[in-house]
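These are the residues of each chain, in order.
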Amino acid sequence: MTSTTHPAPRRRLRNRATPLLFLSPVIVLFLAFKAYPVGYALYLSLTTREHGDEVFVGLRNFQRVFTDPLFWTAFRNTAVILVVQVPVMLGLAILLAVAFNSKMLRGRSMFRVAYFVPIVMGLIAYGILFSALLNRDNGILNFLLTSVGLPRISWLGDPFWARMSIVLSLTWHYLGYNAVIYLAQLQSISQELYEAAAVDGASRRQQFRHVTLPGLRPAIVLTVALSTIGTLQLFEEPYVLTNGGPDNATLTIGMYLYQNAFQYFDFGYASAIGYVLTAIVVVLTLGQLLVTRRRSQ
Amino acid sequence: MSTVRKPAGSGAVLTVGIALGAVVMVAPFVWLVIATTHTTADIFATPPNLLPGSAFWDNLRGLFVEQGFGAAIRNSVVVSTTSTVLGVLICSMAGYAFAKFSFRGRTVIFGAILASMTLPSQVTLVPLFQTMVTLGWLNTYPALILPNLAVPFGIFLMRQSMLSVPDELIQAARIDGAGELRVFFRIVLPVMKPALSALAIFLFLGQWNDFVYPLTVLRTKDAYTIPVALASLQGISSTDYGQLLTGTFLSVVPVLALFLFLQRQFVAGLLAGSVKQ
Chain A
1 MTSTTHPAPR RRLRNRATPL LFLSPVIVLF LAFKAYPVGY ALYLSLTTRE
51 HGDEVFVGLR NFQRVFTDPL FWTAFRNTAV ILVVQVPVML GLAILLAVAF
101 NSKMLRGRSM FRVAYFVPIV MGLIAYGILF SALLNRDNGI LNFLLTSVGL
151 PRISWLGDPF WARMSIVLSL TWHYLGYNAV IYLAQLQSIS QELYEAAAVD
201 GASRRQQFRH VTLPGLRPAI VLTVALSTIG TLQLFEEPYV LTNGGPDNAT
251 LTIGMYLYQN AFQYFDFGYA SAIGYVLTAI VVVLTLGQLL VTRRRSQ
Chain B
1 MSTVRKPAGS GAVLTVGIAL GAVVMVAPFV WLVIATTHTT ADIFATPPNL
51 LPGSAFWDNL RGLFVEQGFG AAIRNSVVVS TTSTVLGVLI CSMAGYAFAK
101 FSFRGRTVIF GAILASMTLP SQVTLVPLFQ TMVTLGWLNT YPALILPNLA
151 VPFGIFLMRQ SMLSVPDELI QAARIDGAGE LRVFFRIVLP VMKPALSALA
201 IFLFLGQWND FVYPLTVLRT KDAYTIPVAL ASLQGISSTD YGQLLTGTFL
251 SVVPVLALFL FLQRQFVAGL LAGSVKQ
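Protein chains in written order, with the numbering used here: chain A, 1 to 297; chain B, 1 to 277.
Next up, chain A with everything else stripped away, as it sits in the complex (with noise of 0.2 Å):
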C-alpha cells in the first residue's frame, strides 16, 4: 500500500471500494435476515408476554425448558429415531456404496439413478406419500404383509411403529443420497492399497475391515453428522405423517417449537426452545469432532 508508482488516489480508493460493493447486498441481508433475527430471538428467549406487553423475566424460560415434560418427550423421540435411523441407514448406504464400486455390478447408472430418486422428492412430498402407503386399514404396504400371511400393522396409529414409520421413510428417502457420498469417497481410496492388502493374504472381509472403512472415515464422520444435525431438526416428516402423535411419540424438538410459537403464541417460550435446540447441535457437533480427531490422532 505504500508503493509511490502504484496506482493513483482515485485507483487505490476503487481497489478499496470493489470489495465492499461486491459483498454489500450479502451484508445487508445477512444482518437483517440472519444477524438481526438471531440476536432478537436471544432478547425474546429472556421475555414472555402478559397483557400484550412483553415483560423481563431473565432465565425463567429456560428453566421451563429443562423442567418441561413435553420438551423432554419430544427430545426422547428425537434421539429414539436418531439412535435407530442414522446408524441403520448409513450401514446400508456403505453396504450400497460398495456394491456400486464393484466391477461385478450390471447396469450401474441405472441403479444410481434409481436410489438416487427419492432425494428428489420434498420432505411434504414424500411425507404424503408415505401417509398413503402407510395408511392402516387400505395401504398398500399392509396389504403386502397380510398377503404374506403377516398381521396388518397400525403404522401411523401405535406410538412404536408411527416411530418406525418415521424411521422407515427417512432411510428410504435419504439412503441414495448417503450412498452417493460414500461412492465418491470409496472411488479415491488407492486401488493399490487392495493389491498389497490381496497381495498380504487379506481375505474380501478383511480388506472391507481394513482398507474400506479406515478410507472412507472422513465421509462416515460427514455423513454422521449431517444426518445428525438434520434429525435434530425434524420437522416435515411427522409434520405430514402423524402431526406429533399418536400421544406425542412422534413430537419432535422443532414440532414442539412450531406449537408454542404459532398455536399458543408463546414467543419467549419458543425462542428459549430454539436456543436450547442450538446448544444441542453445537454440542454434539463439537463433540463429534474431538471424538473423531481425537481417534485420528
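In case anyone wonders, no lab produced these hints; they're calculated from the structure.
Every value quoted in this text rests on a predicted model; they were computed, and no experiment measured them.
Note that CB positions come from ideal geometry on N, CA and C, so glycine has one too.
Hints may be right or wrong, so weigh each one.
Straight line, CA to CA, 30 Å or less: simulated DSSO-like cross-link-like pairs of lysine-lysine [as the list claims (entries may be wrong)]:
1. B/193 to A/34
2. B/100 to A/34
3. B/100 to B/193
4. B/221 to A/34
To give a feel for the contact side, a few chain A residues facing chain B, derived at Cβ under 8 Å [what the hints assert, rightly or not]:
5. 22
6. 34
7. 102
8. 257
9. 258
10. 262
11. 271
12. 282
Got chain A; can you put chain B on it based on the hints?
Frame of chain A, contents of chain B only:
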C-alpha cells in the same frame, strides 16, 4: 487386477440384490403415478389397483378449480426462480470478494457467515415472522425471497470455487482496461459455470421445497406455495387423496425433469451440501 477369487455366480447375485432394492426405491413413485389416475376410494381399494384408472382429469380439475392449486404453482415458480437467480448472483459476488480481494474485516465477516451455518433454522422462525408482520409483508413474495438469498452455504461454495480462478486472468482483464464489474461478469462468471449451475440447483431445490418458514408467513390460501398448499389439503377432515396425490405428483415433476436432464449438475448441487469440511 485383483488376485482375490471371484466366485462365478456372485456378480449375478449382487446384481439381483441391487435390482430388488432398486424396485423398492422406485415403487413408491410408480404407485404415486398410478394413484393420480384414481379416486380416493380406488386408491385405497383392496386389493390395490395397480393399473391406471380414469380419474386423472377429474383429480386435476378438482385440484385446480376447487382447491386453487394453480396459484400455489404460480407462487412457487415465481419465488423459486427469482430467489435462484438473485441468490446465485449475490452469493457469487460475495464469494468473489472473499476469494479475490483482501480487505479489513474479511476474516471476521466470513467467519460470522460460516458460523451461522450451525444455527438451526428454527431459531429465527419467530423473529422473522415478527419482522414480516412489522413490515406488513405477510403473504408476499419478498417475505419468501429476501431471507433466502444470502445463503451461508452458497457463499462458502462460491468462495471455494472462486479460489481456483487464476489471478492472472483477472489482472490481464484489468490491464486491458476492463472495469471491475465487467471483469466479474465477463471474465470470472463464465469460467465458473459448473459451480454456478450446482449452486443454482441447490438454491432452487431449497426454495421449491421449503416448508416451515413459508408456513409461518403465508396466512391466506392464495399466497400458499406448493408444499404449504399440499399440507393444507392433507389437513382437511376428509382428505381427497386423488387430488392430494395428483398435486404431490405435479410438485415433483419439475424437479424430476431437472434431475433426469441435468444429472451431473444435479448431483453436484445436492452433494454441494455435503462438502462442509
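Against chain B, run the beta carbon of residue 258 of chain A and see if the smallest gap drops under 8 Å.
Residue 258 of chain A check passes; min Cβ-Cβ to chain B is 7 Å, inside 8 Å.
With a cut-off of 8 Å on the beta carbons, see whether residue 257 of chain A makes it to chain B.
holds (5 Å)
Against chain B, run the beta carbon of residue 22 of chain A and see if the smallest gap drops under 8 Å.
Cβ of residue 22 of chain A sits 4 Å from chain B, so the hint holds.
Can residue 282 of chain A be said to touch chain B, with a Cβ gap under 8 Å?
holds (6 Å)
Chain B contact restraint for residue 262 of chain A - C-beta distance below 8 Å
holds (6 Å)
Would the stated hint for residue 102 of chain A survive a check requiring a Cβ distance to chain B of less than 8 Å?
With a minimum Cβ separation of about 6 Å from chain B (threshold 8 Å), the hint on residue 102 of chain A holds.
Within a Cα-Cα threshold of 30 Å, do residue 100 of chain B and residue 193 of chain B meet the stated pairing?
Cα-Cα ~18 Å, so holds.
Just to be careful: measuring from the Cβ of residue 34 of chain A to every Cβ in chain B, is the smallest value less than 8 Å?
holds (5 Å)
Is the hinted pair residue 221 of chain B and residue 34 of chain A satisfied, with a Cα-Cα distance of at most 30 Å?
holds (27 Å)
Does the structure keep residue 100 of chain B and residue 34 of chain A at a Cα separation of 30 Å or less?
Since the Cα atoms of residue 100 of chain B and residue 34 of chain A sit roughly 25 Å apart, the hinted pair holds (cutoff 30 Å).
Verify the proposed pairing of residue 193 of chain B with residue 34 of chain A, using a straight-line Cα cut of 30 Å.
Status holds; Cα separation ~28 Å.
Answer holds if the nearest beta-carbon of chain B is closer than 8 Å to that of residue 271 of chain A; otherwise answer violated.
Residue 271 of chain A check passes; min Cβ-Cβ to chain B is 6 Å, inside 8 Å.
Going down the numbered hints, you'll see the structure goes against none, and every one checks out.
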